[in-house]
Amino acid sequence: MRELVVLGTASQVPTRQRNQNGYVLRWDSEGILFDPGEGSQRQMLCAGVSAHDLTRICVTHFHGDHSLGLAGVIQRINLDRVPHPVTAHYPASGQHFFDRLRHATAYHETADLREAPVSGDGPLAATAHLTLSAALLSHPVESYGYRLDEPDGRRLLPERLAAHGITGPDIGRLQREGSLDGVDVAEVSEARPGQSFAFIMDTRLCPAVPALAEGCDLLVIESTFLDEDLALATDYGHLTAGQAATVARDAGVRHLVLTHFSQRYTDPAPFAEQARAAGFTAELTVAEDLMRIPVPKRR
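Quick note on numbering: the sequence shown equals residues 1 to 299 in my numbering.
One thing to keep in mind: the hints can contain errors.
[Said to hold, decoys possible] Computed spacing ranges between beta-carbons, pair by pair:
1) Ala116 - Pro193: 24 to 30 Å
2) Glu190 - Leu230: 17 to 23 Å
3) Val13 - Pro270: 17 to 23 Å
4) Glu273 - Asp28: 32 to 38 Å
5) Arg81 - Leu157: 41 to 47 Å
6) Arg114 - Gly48: 23 to 29 Å
7) Glu288 - Val185: 39 to 45 Å
8) Ala116 - Arg192: 27 to 33 Å
9) Val141 - Glu288: 25 to 31 Å
10) Leu230 - Glu177: 53 to 59 Å
11) Glu159 - Pro207: 25 to 31 Å
Simulated from the structure, these hints should not be mistaken for lab results.
Yeah, the Cβ is synthetic: ideal placement off N, Cα and C, and Gly gets one too.
Model the full assembly from the supplied sequences, consistent with the hints where possible.
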């Protein structure tokens with residue numbers, strides 16, 4: 001299963017329709033919680049996401065709407081006795097904030113919560129199935145965007161396997177060893193590009209924004225303001241809908257998710273209108289709380 005579960009879409013303060021930030025990316029065996037704002041634990045319950053689903057937590061920065069939910073989520077991970085390690089990534093400069101949130105109240109620690117502070121651009125974690133990396137954004141406090149990349153692979157083609165008489169356990173041997181009885185794996189397969197996901201929250205336009213977005217299958221990006229409030233967006237370190245969509249257009253993003261909306265706007269329609277006016281023609285979602293957004297099928 002590869003999908004984004006939207007817990008909240010408001011910036012700064014919740015509204016009657018929108019909870020503060022929060023997003024869970026389900027990616028095969030990984031469950032990554034991004035920027036849990038206040039109320040995220042309850043939103044997880046409403047969205048059908050359990051503490052046991054989480055393997056990582058990624059915090060972009062330590063403004064309250066992106067991190068105040070950490071205290072409740074961490075305590076829930078311990079209360080539910082999550083049996084596997086959960087790794088937390090967050091700006092190293094905010095270690096004192098993380099410490100306060102982790103130990104905000106008394107509780108019994110039972111879980112293996114591993115701290116992995118981010119101190120610069122580059123890979124944070126790598127497995128056989130994915131690489132998680134970070135890049136520094138431009139905001140009044142230190143803020144990082146995150147990107148997940150699946151390595152390229154190959155898709156075996158049944159008709160070619162059958163033509164070479166390769167069946168049963170021999171298929172697994174061919175995959176592991178790369179060749180079998182003179183047949184190379186490339187002869188019975190085709191290239192399978194890896195999928196990618198990026199998460200870009202509070203930032204002005206800066207070099208990291210298009211770099212994180214480049215070629216993404218699914219891009220989740222803030223669009224706090226509409227284009228007519230560009231001056232406000234720049235002053236406060238945010239993007240407009242048109243800016244976010246222009247980045248996505250130029251980066252070749254396949255599915256764009258706009259979120260993190262200022263409470264000054266009550267109608268979400270103009271965000272989609274301005275994204276389309278910027279020339280973004282691929283799949284577009286103006287996020288709403290408790291949405292489930294699938295990662296696009298492979299190219």
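Here is what the structure says about each hint:
no., hint, verdict
1, Ala116 - Pro193: 24 to 30 Å, "holds (28 Å)"
2, Glu190 - Leu230: 17 to 23 Å, "violated (45 Å)"
3, Val13 - Pro270: 17 to 23 Å, "holds (20 Å)"
4, Glu273 - Asp28: 32 to 38 Å, "holds (35 Å)"
5, Arg81 - Leu157: 41 to 47 Å, "holds (44 Å)"
6, Arg114 - Gly48: 23 to 29 Å, "holds (26 Å)"
7, Glu288 - Val185: 39 to 45 Å, "holds (44 Å)"
8, Ala116 - Arg192: 27 to 33 Å, "holds (29 Å)"
9, Val141 - Glu288: 25 to 31 Å, "holds (27 Å)"
10, Leu230 - Glu177: 53 to 59 Å, "holds (57 Å)"
11, Glu159 - Pro207: 25 to 31 Å, "violated (45 Å)"
Checked against the numbered hints above, the structure violates hints 2 and 11; every other hint is satisfied.
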